[in-house]
Amino acid sequence: RAFLRSFLGAAPVLFLTMIYRGDRLRSPGFLLPGLDPQTVLLFLLATPVQFVSGATFYKHAWRQLRANNLGMDVLVVLGTTSAYLYAIFLTLRGIA
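Residues in the sequence shown are numbered consecutively from 1, following our numbering.
Hint data in this document are derived by calculation from the structure and do not stem from the laboratory.
Hints may contain errors.
FRET-style restraints, in silico, Cβ to Cβ [said to hold, decoys possible]:
id	residue 1	residue 2	range
1	Gly71	Tyr20	31 to 41 angstroms
2	Arg93	Arg1	15 to 25 angstroms
3	Asn69	Leu41	35 to 45 angstroms
4	Gly94	Gly71	31 to 41 angstroms
5	Leu41	Ser6	31 to 41 angstroms
Predicted, not measured: the structure shown is a model, and the values here were computed from it.
All C-beta atoms, glycine included, are put in the ideal place defined by N, C-alpha and C.
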C-alpha cells in the first residue's frame, strides 16, 4: 500500500518532467520573477512524496541515529533530503 501511494504521488511529477515537457505551464513571473507555474506545481507535488511517503525512512533513520547504529535508512534519508534541498536551492538561486 505504501508503494502504491508513493507511486501515485510521484507519477504526476514523472509525467510533467519527462513526458509532457510542454510550454503551456510556463509563464515567467507567475509568483516571483523567474518562477513559473510548472516549477511551483512540481514543488507542491514532490513535497508530499518526499516527506509523507518517506516518513517511515525518517522515523527509522532517527531511531538509528539515536542508537548510534547507522543503517540503510540513514543513507536513504541523507540522499533524498540532500537532493530535495539542493533542487530547492537551485530553483531559488535561479530566481535571484
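* **Violations among the numbered hints, reported as their numbers in ascending order** => Failing hints, ascending: 2 and 5.
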